[in-house]
Amino acid sequence: MSDRIIFEDVSKFYGEILGVNRVNLSIPPGITSLVGPNGSGKTTLMNLMTGLVKPSRGRIEVLGHPTDDPENLFKFVGYSTQFDAFPKGLTGFQFIYSYLCLSGMPLQDAERTTWQTIERVNMVDAASRKVAAYSKGMRQRIRLAQALAHNPKVLVLDEPLNGLDPLARSEMIALFRASAAEGCYVIISSHILHEVDVISDQVILLSNGYVVAEGQIQSVRSEIQEHPTQILIRCDRPRELAAKLFESETTIEASIHNDGHGLLLKTRDADRFYLAMNQLALNGIQVESIAPADDDVLSVYEYLIGNEEVVR
Amino acid sequence: MTRLWWTQIKAVIRLELKKTFFAKRGLWIYVVAALPVLLFIAYAVAMSHEQHRTTEIAREGERRLAYQDLLAIKPGMTKQEVTAVLGKPPLVFHWTERRPTGPNSTEEILHEDLHYSDGQNDLYLGLANGKVQSINIHEGYNLGEDAVMFAGVFQFFFLRLAIFFGCLGIFMNLFRGEVLDRSLHFYFLAPIRREVLMAGKFLAGLLATCTIFITSELLQTVAFLWHFNPQARDLYLYHNHGLEHAAVYVGVTFLACVGYGAFFLVAGMLFRNPIIPAAAVLIWEGINPFLPALLKQFSVIYYLKSLCPVEIPVSPGTPGLFALLISNADPVSPPLAIIGILVVALLALFVSSIQVRRMEINYTTE
Chain A
339 MSDRIIFEDV SKFYGEILGV NRVNLSIPPG ITSLVGPNGS GKTTLMNLMT
389 GLVKPSRGRI EVLGHPTDDP ENLFKFVGYS TQFDAFPKGL TGFQFIYSYL
439 CLSGMPLQDA ERTTWQTIER VNMVDAASRK VAAYSKGMRQ RIRLAQALAH
489 NPKVLVLDEP LNGLDPLARS EMIALFRASA AEGCYVIISS HILHEVDVIS
539 DQVILLSNGY VVAEGQIQSV RSEIQEHPTQ ILIRCDRPRE LAAKLFESET
589 TIEASIHNDG HGLLLKTRDA DRFYLAMNQL ALNGIQVESI APADDDVLSV
639 YEYLIGNEEV VR
Chain B
300 MTRLWWTQIK AVIRLELKKT FFAKRGLWIY VVAALPVLLF IAYAVAMSHE
350 QHRTTEIARE GERRLAYQDL LAIKPGMTKQ EVTAVLGKPP LVFHWTERRP
400 TGPNSTEEIL HEDLHYSDGQ NDLYLGLANG KVQSINIHEG YNLGEDAVMF
450 AGVFQFFFLR LAIFFGCLGI FMNLFRGEVL DRSLHFYFLA PIRREVLMAG
500 KFLAGLLATC TIFITSELLQ TVAFLWHFNP QARDLYLYHN HGLEHAAVYV
550 GVTFLACVGY GAFFLVAGML FRNPIIPAAA VLIWEGINPF LPALLKQFSV
600 IYYLKSLCPV EIPVSPGTPG LFALLISNAD PVSPPLAIIG ILVVALLALF
650 VSSIQVRRME INYTTE
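Residue numbers (the numbering used here), protein chains in the order written: chain A, 339 to 650; chain B, 300 to 665.
To be clear, the hints were calculated from the coordinates, so they are not data collected in a lab.
Any given hint could turn out to be false.
Cross-link-like lysine-lysine pairs, in silico, DSS-like; alpha carbons within 25 Å at most [unchecked claim]:
| hint | chain 1 | residue 1 | chain 2 | residue 2 |
| --- | --- | --- | --- | --- |
| 1 | A | 426 | B | 373 |
| 2 | A | 468 | B | 323 |
| 3 | A | 468 | A | 426 |
| 4 | B | 317 | A | 468 |
| 5 | A | 426 | B | 317 |
| 6 | B | 309 | A | 468 |
| 7 | B | 387 | B | 373 |
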């Protein structure tokens with residue numbers, strides 16, 4: 339029994355339109371973000387993972403289970419989709435309650451679990467109102483509640499923070515982190531890169547239906563050879579430090595930080611640079627910190643995909 | 300496992316029934332189901348009015364007459380002889396006709412129309428110069444004729460149109476409607492076998508159509524029997540197989556919902572436009588009498604017609620093609636007909652179960 343979400347040479351075509359092509363992935367527990375512009379294949383990948391669409395080619399397994407067996411799959415998978423339509427006439431409570439009843443849960447348990455879930459997403463006050471009368475943020479939260487209701491091991495969330503106010507966003511992010519800390523698999527797609535950067539344990543970068551990169555963001559960054567690594571050094575005498583650093587052959591560019599108290603430099607080999615830094619005699623220059631400046635999702639995204647449709 | 304499936308089926312039924320019964324786009328189904336009821340109510344009102352008139356005529360007559368008295372009048376009897384048997388007529392119309400007998404001569408004929416009633420049946424007598432020339436008895440209750448009329452409405456309107464289109468409206472929308480509303484993923488995200496979901500939706504559709512059309516059928520029977528007096532009602536229900544017929548009509552209605560429901564459930568999964576399968580099935584059911592024996596069996600109406608309790612007589616002047624539509628030249632026995640419908644329905648449900656497993660959520664292509 340595999341403990342990963344596995345895609346093996348998966349392709350999906352909608353007629354002649356490419357959804358995703360030749361995707362090979364092995365997703366571990368933790369928060370994994372799918373990042374890419376519109377039409378890059380994020381939702382298709384999520385729909386494939388949850389069996390809502392079937393692959394044209396290849397094999398998908400979620401923790402050892404095939405995706406064409408919803409009866410077993412959705413016992414441990416919860417999916418909050420981007421589809422903004424709900425069964426007609428249901429209140430928020432009925433929406434979750436019906437979902438749990440469909441799962442075969444006894445009615446009393448379903449009612450209790452429904453209230454607990456609604457409480458988790460702070461929707462108690464609106465639970466008796468029709469979903470059709472909800473705001474966008476409320477609809478987003480009730481969809482999240484549906485995905486969370488049965489405490490799934492795998493949470494697939496398509497743009498889960500869309501439409502949420504800042505407070506709700508931070509609450510939801512805390513919820514995702516708590517789930518990940520418990521060993522859950524949280525798969526999130528998002529346009530909002532700074533949020534992805536903050537919450538993700540690993541990222542999958544998609545472009546035009548292809549997986550461009552995957553893994554922990556730092557290791558993805560280190561594999562991008564054509565863009566030198568940027569390092570920010572906080573110090574009191576940046577000009578002197580720059581002169582010294584140019585003695586090392588690993589430094590290819592250096593510039594003084596806007597506030598005058600730091601140095602932004604570019605190197606082709608970060609590991610060798612750090613070693614060289616250790617060997618440098620700094621002549622009394624006070625170095626406060628040394629940190630990579632472009633090993634975040636935003637930089638990786640820009641290097642690999644470009645800056646189309648990025649929300650910073 | 301079976302218990303879990305049954306729990307899930309009940310959950311699907313609860314959700315679907317609410318949607319089916321109160322859907323705005325399904326209101327026309329209630330109208331279609333109510334049409335034959337309204338027809339029979341109108342018929343009953345007309346017949347009640349007629350009976351009231353007949354009773355009034357009987358009351359105005361000189362004597363209380365029995366049906367046998369009306370039958371006693373024969374052509375050629377004089378007015379005095381008629382009056383001796385039936386008394387003074389409550390309604391008389393007379394007029395004079397001048398008929399030419401030669402180039403310059405005419406004959407004057409006195410015509411009289413006498414109208415008697417025993418309170419239920421009317422007797423119309425046409426007299427010429429004091430002698431009975433024509434006798435016309437109009438029976439207030441003609442159970443045989445009324446039963447045939449009921450059978451005609453049932454077979455040609457209720458079965459072929461009302462139930463047919465009602466099932467189309469309800470069963471086609473079970474999946475197609477949710478695809479159009481973009482809400483089918485709600486079900487597909489639940490840990491429920493697609494076949495169990497399909498079974499739940501089918502049973503919900505069946506429950507809805509049966510409730511609507513069996514209620515309509517029962518109301519039609521009530522409306523149909525409304526104008527009968529208690530004796531005639533008892534005669535029809537208990538001695539003329541009326542009760543049995545009513546039960547059979549309910550059974551046929553149920554089987555029609557099963558057969559057409561299964562057909563339209565699968566059609567809703569296979570076709571985006573309901574007009575295409577509806578037209579195809581309507582034509583297929585329509586041409587059933589002209590099909591070879593083997594192909595006839597793949598039709599719902601073939602079995603339903605065999606189960607209908609009252610055969611509609613084909614009058615001698617009926618055109619050949621129409622006569623073929625009315626008559627069931629090759630009926631099957633009731634057990635075989637029931638099995639036939641169930642087999643056709645099971646076949647359709649089997650195709651549905653394959654189709655539902657293949658279904659994908661891809662609203663953008665709809």
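| task | Take the C-alpha atoms of residue 309 of chain B and residue 468 of chain A, compute the straight-line distance between them, and say whether it is at most 25 Å. | result | Judged against 25 Å, a Cα distance of about 23 Å means the pair holds.
| message | Does residue 426 of chain A sit within 25 Å of residue 468 of chain A, going by the straight-line distance between their CA atoms? | response | 9 Å, holds
| Quick one, are residue 426 of chain A and residue 317 of chain B close enough, alpha carbons at most 25 Å? | Cα-Cα ~9 Å, so holds.
| message | With the threshold set at 25 Å, check whether the alpha-carbon distance from residue 468 of chain A to residue 323 of chain B stays at or below it. | response | 17 Å, holds
| Hey, residue 426 of chain A versus residue 373 of chain B, does the alpha-carbon distance stay inside 25 Å? | Violated - the C-alpha atoms of residue 373 of chain B and residue 426 of chain A are around 71 Å apart, more than 25 Å.
| said: For a C-alpha distance cap of 25 Å, please report whether residue 317 of chain B and residue 468 of chain A respect it. | reply: Holds - the C-alpha atoms of residue 468 of chain A and residue 317 of chain B are around 14 Å apart, at most 25 Å.
| Under the criterion that the straight-line Cα-Cα distance not exceed 25 Å, is the pair residue 387 of chain B, residue 373 of chain B satisfied? | Distance of about 17 Å is within 25 Å: holds.
Of the numbered hints stated above, the single one contradicted by the structure is hint 1.
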